[in-house]
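Same order as they appear, the protein sequences are chains A and B. Numbered by UniProt numbering, the letters in the first sequence go through residues 1 to 477 in order. Numbered by UniProt numbering, the letters in the second sequence go through residues 1 to 477 in order.
Source of the hints: derived by calculation from the structure; they are not laboratory data. Hints may contain errors.
[Unchecked claim] Straight-line C-alpha distance at most 25 Å; calculated DMTMM-like pairs for lysine to aspartate or glutamate:
1) A:Lys312 to B:Glu32
2) B:Lys16 to A:Glu36
3) A:Lys312 to B:Asp7
4) A:Lys35 to B:Glu131
5) A:Lys319 to B:Glu17
6) A:Lys16 to B:Glu316
7) B:Lys35 to A:Asp372
8) B:Lys410 to A:Glu316
9) B:Lys319 to A:Glu229
10) A:Lys312 to B:Glu36
11) B:Lys35 to A:Glu422
12) B:Lys319 to A:Asp7
13) B:Lys312 to A:Glu13
14) A:Lys38 to B:Glu131
15) A:Lys312 to B:Glu9
16) B:Lys268 to A:Asp7
17) B:Lys319 to A:Glu118
18) A:Lys279 to B:Glu9
19) B:Lys54 to A:Glu13
20) A:Lys35 to B:Glu13
21) A:Lys463 to A:Glu32
22) A:Lys319 to B:Glu9
23) B:Lys35 to A:Asp129
24) A:Lys39 to B:Asp105
25) A:Lys16 to B:Glu13
26) B:Lys419 to A:Asp315
27) B:Lys312 to A:Asp73
28) B:Lys16 to A:Asp129
29) B:Lys16 to A:Glu316
30) A:Lys410 to B:Asp7
31) B:Lys38 to A:Asp105
32) A:Lys268 to B:Asp7
33) A:Lys38 to B:Asp105
34) B:Lys319 to A:Asp105
Protein chains: 2
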Amino acid sequence: MGVKALDYESLNENVKEVQYAVRGELYLRASELQKEGKKIIFTNVGNPHALGQKPLTFPRQVIALCQAPFLLDDPNVGQLFPADAIARARHYLSLTPGGLGAYSDSRGLPGIRKEVAEFIERRDGYSSDPELIFLTDGASKGVMQILNCIIRGQGDGVLVPVPQYPLYSATISLYGGSLVPYYLEESANWGLDVNNLRESVAQARFNGITVRAMVIINPGNPTGQCLSEANLREVLNFCHRENLVLLGDEVYQQNIYQDERPFISSRKVLMDMGQPISKEVQLVSFHTVSKGYWGECGQRGGYFEMTNIPPKTVDEIYKISSISLSPNVPAQIFMGLMVNPPKAGDISYEQYVRESKGILESLRRRARMMTDGFNSCKNVVCNFTEGAMYSFPQIRLPPKAIEASKNAGKVPDVFYCLKLLEATGISTVPGSGFGQKEGVFHLRTTILPAEEDMPEIMSSFKKFNDEFMEQYEAVKI
Amino acid sequence: MGVKALDYESLNENVKEVQYAVRGELYLRASELQKEGKKIIFTNVGNPHALGQKPLTFPRQVIALCQAPFLLDDPNVGQLFPADAIARARHYLSLTPGGLGAYSDSRGLPGIRKEVAEFIERRDGYSSDPELIFLTDGASKGVMQILNCIIRGQGDGVLVPVPQYPLYSATISLYGGSLVPYYLEESANWGLDVNNLRESVAQARFNGITVRAMVIINPGNPTGQCLSEANLREVLNFCHRENLVLLGDEVYQQNIYQDERPFISSRKVLMDMGQPISKEVQLVSFHTVSKGYWGECGQRGGYFEMTNIPPKTVDEIYKISSISLSPNVPAQIFMGLMVNPPKAGDISYEQYVRESKGILESLRRRARMMTDGFNSCKNVVCNFTEGAMYSFPQIRLPPKAIEASKNAGKVPDVFYCLKLLEATGISTVPGSGFGQKEGVFHLRTTILPAEEDMPEIMSSFKKFNDEFMEQYEAVKI
Ligand SMILES: Cc1ncc(COP(=O)(O)O)c(C=O)c1O
Ligand SMILES: Cc1ncc(COP(=O)(O)O)c(C=O)c1O
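If we strip away everything but chain A, and leave its shape as in the complex, we get:
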């Protein structure tokens, strides 16, 4: 018998090309160790509930009622659920004839897309059209769908920040396009320098690549930077000049840990710039229920909003969405709740504010504890996490450590992270998984471990790191 279609040798090469480090070697090893009974601290994925963050109460009450609508007719329902959750459940059920068990329109429920549009309008001060908002099973699926429309083949390039969240590199490989990296400036707090963009595009063109789109992640993953309005304006001008679609990954818009640069959406900046630019730059913005103080990752809810995308293209995207019928309906309702939370005066308002503020303020403290912790370690330098959920320290590996990793057949940062995992149970992602400059090493960890565990984690990290450094520096003497 010859090679079969699902034998490794004969798989789609693009599939094999994909690299996906967040759940790569480190994660697999951590899972193994966990099976063997070792206590693992999973800081490899931004997965807050997995590390003990409690879900917000109100949205869970509403969803529970939507899933079990017969409870609404039960005379005892008021003993378990507040009246505003009951009212909200009735509201969402009225938007979905057939309830949560019915496929919705492939773009998502019209009533919820309307609530998202209203949220965007309140946030940005510019009206938004529900027909240009598609609900998705998490932001990831939306990003994949848009890149699938843009990428026609290897000659098509997408500008992606480096370091970047590997959703982008993986998807570009999967669809057979070319990743065009632009480097974020570690020395400038991971800022985005437009001159780097220009160089990257020039280099790509020289290599025969048509650069068609640019990705920004704001706030950044893994780098945590928040882009300033001025910076966003430069980016939009650049996209305009170079005729690039901008993909604005804004999933961390609620996760801000400093006051100098509050979140501002790419869309608002674009609209503020006025015509002709505001009517010409094609922009797709992504959001999710997985992040913020929601952290509802497992529900898989997201949306994308299209700006300046022609109707015929919107129709094509709609058609592609139809293939898989509809995004999951419960998470669509989570999205509705996220963009339309309890209001002052509602029964559940105070609890909602208390819970969400509690989470956000704790994240802010943890961001600080982690940065400080890393900076107290030998050969480790770390920018402050301005936003998002990650700390991305640079690890200055001594030459002997690099040599040792080569002997072990490992990339140096993988070598370091594996040793860290074995010694401490802390499961991180090596910086090479996100892309980094030659000879510079990082690791990424989330800032999500429980606040009370943080001191112990950081001191166990420090102990490992400082011993590691001593071990490999000692050799020199």
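Got chain A sorted already, so can you dock chain B with the ligands onto it with the hints?
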């Protein structure tokens, strides 16, 4: 400014090539008419809850508790939920550290994959390995993922039944492969004739196409046929000889409306065939929570099981799953509940049986009512719906009707279905959306409208059809 990346002209050609009729022109027109206030009977998608089917109570109780786990600590919980639902919710929560808001492993929760494996073992009498079962956001996403791995380019062909469910044709276009049709035999109750397969493969080879995989839909959509064991054996032998991966779409395995041919899985038949075949044919089988008596379409839960797929390929598929992090967790639990429903003796057992039997028996009656109804119409012939959720009558259009449709710039069956929609509000899918032989016309409707509405629907159909036929035959005289 030149053409932009998201202008229609410059989109990925594969995206533009995709055809997707189930939510195509007819559906869009129906949605418009609905907005204008017309009563529409949506029979275009197998979406039972949207047509009034009530969800099963027990699984919804369990999910509600899993979504709102704080209820489990409430002393009043027993007033709203039976004890077995409470116990089951605790069980599923114990399988997902972090609850429903945490990303799971990208393959799905190990505990639920184990329950699926046990279900398969009970069903088929052969053990199943949880490591070879991946949970997905509905069967659609699984099919897309597997085809993405198989299709390397235009030279790769996939055998697909015609008529077929358009997920397959659409996905093959999207990933740039070639659809190789094999025709089901309408005159043999939509049976699968292996001679047709042989011809199709020979023809494709002649055109330079490497046929790599074959799809069967059993029970069939839109055709409703149930494949016999002997037929499945022929198919597996054929796949073995021709070195094809078999994709077994078995989402309708619970939907059987006759007793001669109960559902039998491709996997069981393969195992029964013994070595070497049972160890050599690569098989991927798909299932879902959307169909059966569950009909939980909006939850988006499914799985695929891999047989004889080498570990390196499984790793690649795992890697691709990782890009979008995890399937939604609530629907994973629905899958757990579907494969592991209440047992005799459980508090909820009787209600569960009553509800599920009620749905299935009513579907069986509706299948009969529809077939009989169609066969009573002028120029309409319809095979009995042996399984699945659809009726697929052949509509013998008079030459003058075909001429009229050409003048209107429509494919004849689209023309007929649009007229039907405008006249009666019945929203169907023209047979051309599923592929059909040249010059033969069909429509597809689901058998899902409420049983009590069925007589009226069928008589309104008959009235429209018979008048239509008279109108266009009259011209001849
Ligand atoms: C930058 C970024 N974009 C997108 C996502 C995807 O989120 P989801 O698919 O859960 O919405 C993540 C998740 O970690 C992320 O970090
Ligand atoms: C034959 C067939 N396969 C797969 C699906 C997809 O189902 P889901 O993605 O909801 O699991 C359907 C839905 O109608 C179907 O008819």
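Holds or violated: Lys319 of chain B to Asp7 of chain A, with C-alpha atoms at most 25 Å apart = holds, 15 Å
Between Lys268 of chain A and Asp7 of chain B, does the CA-CA distance stay at or below 25 Å?
-> Distance ~22 Å between Lys268 of chain A and Asp7 of chain B Cα, so the pair holds.
25 Å limit on alpha-carbon distance, applied to hinted pair Lys35 of chain B and Asp129 of chain A = holds, 18 Å
Are Lys38 of chain B and Asp105 of chain A close enough, with their CA atoms no more than 25 Å apart?
-> Given pair Lys38 of chain B, Asp105 of chain A holds - Cα atoms ~18 Å apart, limit 25 Å.
Pair hint outcome, Lys319 of chain B versus Glu118 of chain A [Cα-Cα no greater than 25 Å] = violated, 37 Å
For the pair supplied as a hint, Lys16 of chain A and Glu13 of chain B, is the alpha-carbon distance within the 25 Å limit?
-> Status holds; Cα separation ~23 Å.
Are the Cα positions of Lys16 of chain A and Glu316 of chain B separated by 25 Å at most?
-> Given that 25 Å is the threshold and the Cα spacing comes to 7 Å, the pair holds.
Is the hinted pair Lys38 of chain A and Asp105 of chain B satisfied, with a Cα-Cα distance of at most 25 Å?
-> holds, 18 Å
Lys16 of chain B paired with Glu316 of chain A [C-alpha distance capped at 25 Å] = holds, 7 Å
Mind checking the alpha carbons of Lys312 of chain A and Glu36 of chain B for me, to see if they're no more than 25 Å apart?
-> holds, 23 Å
Given the hint that Lys279 of chain A pairs with Glu9 of chain B, test it: the Cα-Cα distance must not exceed 25 Å.
-> Between Lys279 of chain A and Glu9 of chain B the Cα gap is close to 19 Å, so the pair holds against 25 Å.
For the pair supplied as a hint, Lys319 of chain B and Asp105 of chain A, confirm whether the alpha-carbon distance does not exceed 25 Å.
-> Distance of about 29 Å is beyond 25 Å: violated.
Violated hints for the displayed structure, listed by number in ascending order: 2, 7, 9, 11, 17, 19, 20, 27, 30, 34.
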